[in-house]
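Chemist: Chain residues, written in single-letter form:
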Amino acid sequence: MGVIKSVVTFVLLGLAASALAGPDIQTWKLDNGTKVLFVPARDLPMVQLSLVFDAGSARDPEHRSGLAGFVAGMLEEGAAGLTANQVADGFESLGAEFSAGVDNDMAMINLRSLADSDYLDPAIELMQKLVTRPDFPEASLARERARAIVGFARARQQPDYIGKIRFFDAMYGKHPYAHQTEGDEASVKTIAVDDLKQFHKQFYVGNNAVLAIVGDLSGKAARTLANRLAGTLPAGNSATDIPKVSLPAASYKKHIPFQSTQTHIFIGQPGMSRTDPDYFSLYVGNYILGGGGFVSRLMDQVREKQGLAYSVYSYFWPLREPGPFQIGMQTKNSERDKALALLDRILRDFVKNGPTDAELKAAKQNLTGGFPMRIDSNKKISGYLAVIGFYDLPLDYIDRFIGNVEAVTVESIRDAFRRRVHPDKMVTITVGG
Amino acid sequence: MTVMELIRRAALLAPIVLLGACTTTQIHERTLDNGLKIIVQENHRAPVVVSQVWYKVGAIDEPEGLTGISHVLEHLMFKGTKTLKPGEFSRIIAAEGGRENAFTGNDYTAYFQTLEKSRLPVSFRLEADRMQNLVFDESEFQKEAAVVREERRLRTEDNPEALTYEQFNATAYTVHPYRHPIVGWMKDLEAHTLDDMKQWYSNWYAPNNATLVVAGDVRPAEVFSLAEQYFGKLPVRKTARRNIPAEPAQTSARHSTVKAPAKVPYYITGYHVPVLGHGKDEDVYALSVLAGVLDGGNSARLTRELVRGSQVAASAGAGFNGMARGPGMFMLDGTPASGKTVAELESALMQQVERLKQEMVSEDELKRIKAQVLASDIFGRDSVFYQAMRIGMMETIGLDYRTMDDYLDNIKKVTPEKMREVAQKYLVVSNQTTTVLEPQPMNTKSRRKPMPGGGHGRH
Chain A
1 MGVIKSVVTF
11 VLLGLAASAL
21 AGPDIQTWKL
31 DNGTKVLFVP
41 ARDLPMVQLS
51 LVFDAGSARD
61 PEHRSGLAGF
71 VAGMLEEGAA
81 GLTANQVADG
91 FESLGAEFSA
101 GVDNDMAMIN
111 LRSLADSDYL
121 DPAIELMQKL
131 VTRPDFPEAS
141 LARERARAIV
151 GFARARQQPD
161 YIGKIRFFDA
171 MYGKHPYAHQ
181 TEGDEASVKT
191 IAVDDLKQFH
201 KQFYVGNNAV
211 LAIVGDLSGK
221 AARTLANRLA
231 GTLPAGNSAT
241 DIPKVSLPAA
251 SYKKHIPFQS
261 TQTHIFIGQP
271 GMSRTDPDYF
281 SLYVGNYILG
291 GGGFVSRLMD
301 QVREKQGLAY
311 SVYSYFWPLR
321 EPGPFQIGMQ
331 TKNSERDKAL
341 ALLDRILRDF
351 VKNGPTDAEL
361 KAAKQNLTGG
371 FPMRIDSNKK
381 ISGYLAVIGF
391 YDLPLDYIDR
401 FIGNVEAVTV
411 ESIRDAFRRR
421 VHPDKMVTIT
431 VGG
Chain B
434 MTVMELIRRA
444 ALLAPIVLLG
454 ACTTTQIHER
464 TLDNGLKIIV
474 QENHRAPVVV
484 SQVWYKVGAI
494 DEPEGLTGIS
504 HVLEHLMFKG
514 TKTLKPGEFS
524 RIIAAEGGRE
534 NAFTGNDYTA
544 YFQTLEKSRL
554 PVSFRLEADR
564 MQNLVFDESE
574 FQKEAAVVRE
584 ERRLRTEDNP
594 EALTYEQFNA
604 TAYTVHPYRH
614 PIVGWMKDLE
624 AHTLDDMKQW
634 YSNWYAPNNA
644 TLVVAGDVRP
654 AEVFSLAEQY
664 FGKLPVRKTA
674 RRNIPAEPAQ
684 TSARHSTVKA
694 PAKVPYYITG
704 YHVPVLGHGK
714 DEDVYALSVL
724 AGVLDGGNSA
734 RLTRELVRGS
744 QVAASAGAGF
754 NGMARGPGMF
764 MLDGTPASGK
774 TVAELESALM
784 QQVERLKQEM
794 VSEDELKRIK
804 AQVLASDIFG
814 RDSVFYQAMR
824 IGMMETIGLD
834 YRTMDDYLDN
844 IKKVTPEKMR
854 EVAQKYLVVS
864 NQTTTVLEPQ
874 PMNTKSRRKP
884 MPGGGHGRH
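So the sequences go chain by chain: A and B.
Residues 1 to 433, numbered by the numbering used here, are exactly what the first sequence covers, in order.
Residues 434 to 892, numbered by the numbering used here, are exactly what the second sequence covers, in order.
No lab work stands behind these hints: they were computed from the structure.
You may find that some hints are simply not true.
[Unchecked claim] Output of the computed footprint for chain A on chain B, the stretches with three or more beta carbons under 8 Å from beta carbons of chain A:
id, stretch
1, 516-523
2, 720-731
3, 797-804
4, 809-823
No residue lacks a Cβ here, since even glycine has one placed at the ideal position from N, Cα and C.
Sequences and hints are given; from them, build the entire structure.
Modeler: In structure tokens form, the structure reads like this:
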């Protein structure tokens, strides 16, 4: 059992309206280095938690892309002598929901359970076995590899998947963000039990872990739970830095013929990191460009004014290192060139001139006025805790959100976009007939 | 590797047991003089409110030749009223910090906003306005019709499994409108006129054909008074006569195939079954639990025995939605594992169906399903949107939302004997329809036949 090294409770101050305050986050570290973030939520008898490791697909070894995802996915296949059937029975007979998966940075192991200890305790015990003592049975691995191959074939029926692969490949080259989290046919075939065991041993350790808990627990009960779930992980070492991302030196354009009625368009480049100094200028700017639902420039000009697409958007996906900035849409094949020209014009105009005062005002109204919806469920709060813990964001990140949005100006958006978004160096992938 | 499966499963087969229950304490209702029914679910966990307007009109109401019209009209509802310009609805909601959208189903068309709680009047003002003041402009209509055709291309035309699902419905139903895709057939999407849209709006958009559901940090008395203020003056309108042909009883097995460029085969089969509210509720609850026995998670039979056990399937699922205005369908679907054929997959699925008819379901399996329903009741309360959805859907299909109160009890009452009985009664070959995707090479230039599928939703 770990012992609590420090307990820090942040009480929120300084916001105009108490209704706009974020949750009261308690945080401490276990002996093995696991960072715990906890928010009590006593009005529903449930617990939502995520155990996160710095063990996403960026940690895949060369020629083993998909390994991180296999490790997370294979936890359920057996642990401490329990079979996959016993594991599944174990959670589901308690009504508990267990899931595990990876993105580029994180491996995320999630549990939702009733808070009553008759349900919660056995679910935690089972999850602890999966995370600390997975068996990675050879036969299960063979079956999951075969299922993955079928999954790849199904995915390749769709132009969107083909485009995504080529887009990331062109944007990131040799960087570990280049490959898909699920790997590919060739890499998956080579994944062996020893690879899983080695990866798990290296990365599923206390100094590489964050535990986010939201639920109907006292502070004391949360500490007991954290120790029981994660306290027996070996301390190990935190993962080393992942390589820096470099921007493509020149634009890259590629069309991939595909037998579909629509052409899928991917335009982008590496964008921003989770701790980027330009984060809020790029975030608010992107809301105006293509992130803001029905009111963005892309939606207005491509869909509402031209009827060219059902879905058109842009996003920054912030990761440890700069994740992708992407503009995307799909249109019938005959409109491809028109759509490409329009997207290029909209992007260049936005980078050159930035938003109008009216657009910025509307964006701020939406982002600040909608703040309560960001934290209106245990599930959403738990997601924030995981991100805050994983990326070492300030504990009052949620409270400062409104102030950070308000501080953005037309000039800061224009400046950030001009420095960070380069229309002449975009990767452009089109897939279609 | 499983993301696509999850999306498909969520779209096609969602066992009702996992939708679970939601107890209805703290729900209040009132009906205005003009027939608008208002239901308020209090949930004071966050200073947030969800407002949803549900119209009792959907694909089920559409005649031949006008398929997809409910969904196209849903898009046009954002295109302006006598006092709002196209897109202004969305701009106002956005400036209030709100999130909004709409969705169309077989049985309903619904519009929603999620807002900080003090902004509820904005939602009411705008929804009341477009309930009676929508304007119809030819050029806005033409653009939006093009958007919807792109939506169909995206969700269905270029997705071989969606095409297969669409073809399944067209085979399983011979006359009932559930045979048509919610998004509509492409030929119909090309043929709709502005006058069709006007007529559809005038047929169905009236307070007496709508339910207003509000969930969140609100006081019912205040919501009722606000609703009276904004919706109270809307006149009652006579809605069109519903003329929904009944599906004749199926007497022999049906089969169809979809040939489309693809790499992996896909199999769907289904049986006609009853839904709640038509005197066969006991059967419906038993069928719900049966769906949970087959596919209520990783411990359920299909994953345990077909994916992990015999490994004949790369994925397999079962689903049954016992809540609908029209008839029900108990479905199974799957993708064969590498090196296995559709015939082998089908045989394994049919063995599972036979087993339901021969053997009693074990107590452990029943216990697991009941635990899941109990937990889902609690988990469901973590989302006000979900709570509002449940109420709106049930009301719109004609079920009292209080049905939810008894849900867990009714599930608990299901016995192994009853489950075997309903399996023997409904899961029979003469009542069965099967559709198979036969992949065609993807490198030829022959254009795929536009055979249709169920897209919906504005976003």
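Chemist: Decide, hint by hint, whether the structure agrees.
Modeler: Hint-by-hint comparison with the structure:
no., hint, verdict
1, 516-523, "holds (count 3)"
2, 720-731, "holds (count 3)"
3, 797-804, "holds (count 4)"
4, 809-823, "holds (count 7)"
No hint from the list above goes unmet by this structure.
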